[in-house]
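Peer 1: Spelled out from the first residue to the last, the chains are:
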Amino acid sequence: MSNSFIFRLFRLIILLVVQVLILNHLHLLGYATPLIIGYMLTCFRSGTSRISLLLWGFVTGVLFDMFTNTSGIGAASCTLLAMIQPSLLQLFIPRDAPDEFEPTLANMGPGRFFSYILIAMFVLHSAFYFLDAFSLSDWLLTLVAVFGGSVLSAVIILFVELLTRRRIR
Amino acid sequence: MRSLIDFLRKYLYWLVFLVLETISLVTLFHAGGYQESAYLTTANTVVGSVYSFTSSVASYLDLQTVNCQLEADNEELRKRVGALEGKLLDMGTDSADISRIVPPEYKFVSAHVVNATLHRNNNLITIDKGEADGIRPEMGVVCSRGVVGVVYLTSAHYSVVIPLLNLSSKVSCRLRGSEHFGTMQWRRGAVDISYVAGVPRHAKVKRGEMVETNGFSDIFPPGIPIGRVADFGDSADGMSYMLRVHLFTDFKTLRNVSVITNYSKPERRELEYKADSLMMN
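Those protein sequences? They're chains A and B, same order as listed.
Residue numbering for the first sequence follows this note's numbering, beginning at 1 and increasing consecutively.
Residue numbering for the second sequence follows this note's numbering, beginning at 170 and increasing consecutively.
A few of these clues could be false.
Part of the chain B face toward chain A, derived, beta carbon under 8 Å [said to hold, decoys possible]:
id : residue
1  : Tyr182
2  : Ser193
3  : Thr223
4  : Val398
5  : Phe401
In case anyone wonders, no lab produced these hints; they're calculated from the structure.
Virtual Cβ for every residue (Gly too), placed ideally from N, Cα, C.
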């Protein structure tokens, strides 16, 4: 247990560093910033305790907020992603999969994996940017940010999977 | 009873979810007055030092731009020195009024920008000086080009500044050489354009005219440049002009700023606050 805890903590720190130092400076089409930090939550295998998943989501969001001055927005949207992740993963698990299914590119195949990540990223970015633009009538910019950000982060995550997990299995 | 406990155990995560979301949303909607939760922002010491480190590395990357800017500033200052010296000569020995032209002595604390956002609704800038250097909330922040913003939160060694590029930033300003004033408010979009509302229609506005602070608030002394009028038209209600202003400060390459630490007068603020609360009753 403690082993996987340390592994997750390590992954959280790496993702946070990449997010804060590199991706937060990226503004596709002027506004779309990819929130790679959500990869943290899509990696959880099926059958993980939902409460621990929610707590990981919340902590991820709060840490993200501290670095970007988005008080509460990141926490709220990451917690939302953590809430729907198990149900979303259920949709993409092959029928003959084991109880503890790990959602990786190798396990799911490129098509399923990309759809899974894309939907997860779409949920995260929608929550984040609509909360951010709460009092604003500028729907078009928000939509650009949501779609651009989700697609870009899904592509980046696909590449990360390709580079880091190829040799395993 | 047994099944009730089972039920609760099964759906406990819903409760956890609702609690966590509530905490997040309460933080979000109370963000306006979160003086006490500065540790959840980039004013936090750990976060601040991470940003100072990366910004000290990154600052080497755009030294060239900064140098160009400094050269341009020097040029401008040299020109102004020349012009002022000329004026001084013109006035001859009898220059008792010179103190009216030269601004009084303000105390500046210079600081480096360690983190800044440009593409959000409510952009914030983090600088590497804080309470230990005499910085308090509500102090004005300027750079060599003009106004940057107002200090919002402070910790011991870092401060968060609300720049002009923030939907909640409001700066009282006037056209140089006239007493017509308006309020500058940013709109999401360009990072070098802001808008001034409330300039009366009888004011003679020209393109290219300079917009500067007017000293009505106790944050900025009067006469600090903000930008140039790029365009103007009627405001939505048709009662006044709406000016589109090209800002002098280049927020994209902003590194060195100064905080004005001795302009704010608690006595004045207290008096105005008192007057406000009396009017309320």
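Peer 1: With a cut-off of 8 Å, does the beta carbon of Thr223(B) approach a beta carbon of chain A closely enough for the hint to hold?
Peer 2: Holds. Min distance 6 Å.
Peer 1: With 8 Å as the cut and Cβ atoms as the points, is Tyr182(B) at the interface with chain A?
Peer 2: Where the cut-off is 8 Å and the nearest Cβ of chain A is about 4 Å from Tyr182(B), the hint holds.
Peer 1: Was the hint right that Phe401(B) lines chain A, CB cutoff 8 Å?
Peer 2: Given a least distance of 23 Å, the restraint on Phe401(B) is violated.
Peer 1: So, Ser193(B) near chain A? Judge it on the closest CB pair being under 8 Å.
Peer 2: Since the shortest Cβ distance to chain A is 4 Å, the answer is holds.
Peer 1: Is the shortest C-beta separation between Val398(B) and chain A less than 8 Å?
Peer 2: 25 Å, violated
Checked against the numbered hints above, the structure violates hints 4, 5; every other hint is satisfied.
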